[in-house]
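Quick mapping for you: the protein sequence lines, in order, are chains A and B.
For what it's worth, this note's numbering labels the leading residue of the first sequence as 1, then goes sequentially.
For what it's worth, this note's numbering labels the leading residue of the second sequence as 345, then goes sequentially.
Please note that a few of the clues may not be correct.
Per the computed footprint, the stretches of chain B lying under chain A, defined by three or more beta-carbons under 8 Å from a beta-carbon of chain A, are [to be verified]:
hint, stretch
1, 352-365
2, 373-380
3, 386-397
4, 408-420
No lab work stands behind these hints: they were computed from the structure.
Built from N, CA and C at the ideal position, the CB exists for glycine as well.
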Amino acid sequence: MKSAYITGNIPVNGEVIPVVSTDFNTKDFLGAVMVRWGINRDRYRVNPGIYAIGSPGPEADVFVSANYKLSFDSLRKNLKGKDVWILVLDTKGVNVWCAAGKGTFGTKELVNRINIVNLDKIVNHKRLILPQLSATGVAAFKVKEETGFNVHYGPVRAADIKIFLADGYRADKQMRKVNFSFIDRVKLIPNDFIYGKFYLLAAMALLFLLSGINSHGFSYRNLQGEGGPAILKVFLAYFAGIVITPIFLPYLPARFFSIKGFYSGTIIFLILLFTRSAGDNVFEILSWFLIITTISSFLAMNFTGSSTYTSLSGVKKEMKISIPIQIGLAFTGIGLQIVEKLIY
Amino acid sequence: MKDLVYLPDVVTLNLCEATCNGCGMCIKVCPHDVFELSGKKAHIVRKDYCMECGACALNCQVKAITVNSGVGCAAGIISGILNNTEPTCGCSDSKTACC
Chain A
1 MKSAYITGNI PVNGEVIPVV STDFNTKDFL GAVMVRWGIN RDRYRVNPGI
51 YAIGSPGPEA DVFVSANYKL SFDSLRKNLK GKDVWILVLD TKGVNVWCAA
101 GKGTFGTKEL VNRINIVNLD KIVNHKRLIL PQLSATGVAA FKVKEETGFN
151 VHYGPVRAAD IKIFLADGYR ADKQMRKVNF SFIDRVKLIP NDFIYGKFYL
201 LAAMALLFLL SGINSHGFSY RNLQGEGGPA ILKVFLAYFA GIVITPIFLP
251 YLPARFFSIK GFYSGTIIFL ILLFTRSAGD NVFEILSWFL IITTISSFLA
301 MNFTGSSTYT SLSGVKKEMK ISIPIQIGLA FTGIGLQIVE KLIY
Chain B
345 MKDLVYLPDV VTLNLCEATC NGCGMCIKVC PHDVFELSGK KAHIVRKDYC
395 MECGACALNC QVKAITVNSG VGCAAGIISG ILNNTEPTCG CSDSKTACC
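From just these sequences and the hints, can you work out the full model?
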């Protein structure tokens, strides 16, 4: 199937190199929105190989990208009006940074792809421009040893490419730094929301069933009356961990993500308390406080994987301290819930 | 906006200044501005900002930098423990990914 972003061909040494558009159309936009919601995410790929932007010659720059279409799109969009080559690596449809962390956007694949497309026959220079974040997988000096090509690490964000080129292949301090802005964090929410759906359903099912317990054992009438509110509370706890925590991340006063999540869960709990929806007696109210804050805390801790500044050593330390506490609080909360229902 | 910083004094990043040849590559690849070049040597100036991505160590030709690198991802560490592997996010296989 011919992809919509391919607008023509350039013949080079008897091979046909596809020319790609620098325009971002409605289909690209809708595709991007769907991918953010986890739809079609694993198949959102570009074929690895060499592509042209404009009408590049043998002197033109070569930009290297991943074959995740969102990565490829952000590159081509920012090369409007340029005549350059794009070398797409096979990163298994994964973005630049994650693929570099995994090693699929790595020295081996880059060397391999340079040889497959016969890059030294397409260009007469030895300059490659790579996204800076690929440095986690690519050792520039090894690429030089094995292919003769010089890796120039460009800016973190494709939007800075034109300034980088105008400045003589130099990325300044701000271009080299990864941020984690409000917009960056919000973009990640839909995917995390979908990703955690099994935790959500499992917790909802458990609390729904618990709501049927009463002093006589189990009652379907209780289930009908209290099952709905129980499911809603679990959903709100999930919302606190996956939506509120990322949005207010820099403002929740703690280093540990688990504590940040505990605070977001507390906000939800206080709203329930003040709307007289947190329970009818002290046991029930306390049990919901523990359950809501623990769910939110655990999910917030998982957001370390989406964040751009947490280290492996740090996350290990956080988990070692947080998980036993979370388990303790969760069991206490569920225990209180059962006791309360058996008593009242 | 102020730079976000995670936990203090946990990062495993190390730079042997005697081995460093001052090429400045670590500065170019670091996403958190951890290094600085002065007196023809690199220095670690913002250690707590390091996320242990490993880009500097991989791109250091004289192997002056060491860091225990990996994904700073709780879900990845849990799945690593469950599957008895290194911490890993589901990024490169066909499952949905955490990052």
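Checked hints:
Three residues within the 8 Å Cβ limit are the bar, and the stretch 352-365 of chain B against chain A gives 4, so the coverage statement holds. Using a Cβ-Cβ cut-off of 8 Å, 5 residues of the stretch 373-380 of chain B lie near chain A, which meets the minimum of three, so the contact claim holds. With 5 residues having a beta carbon nearer than 8 Å to a beta carbon of chain A, the stretch 386-397 of chain B meets the requirement of three or more and the stated coverage holds. Under a criterion of three residues with beta carbons nearer than 8 Å to beta carbons of chain A, the stated coverage of the stretch 408-420 of chain B is upheld, 9 such residues being counted.
This entry satisfies every hint, going by the numbered hints stated previously.
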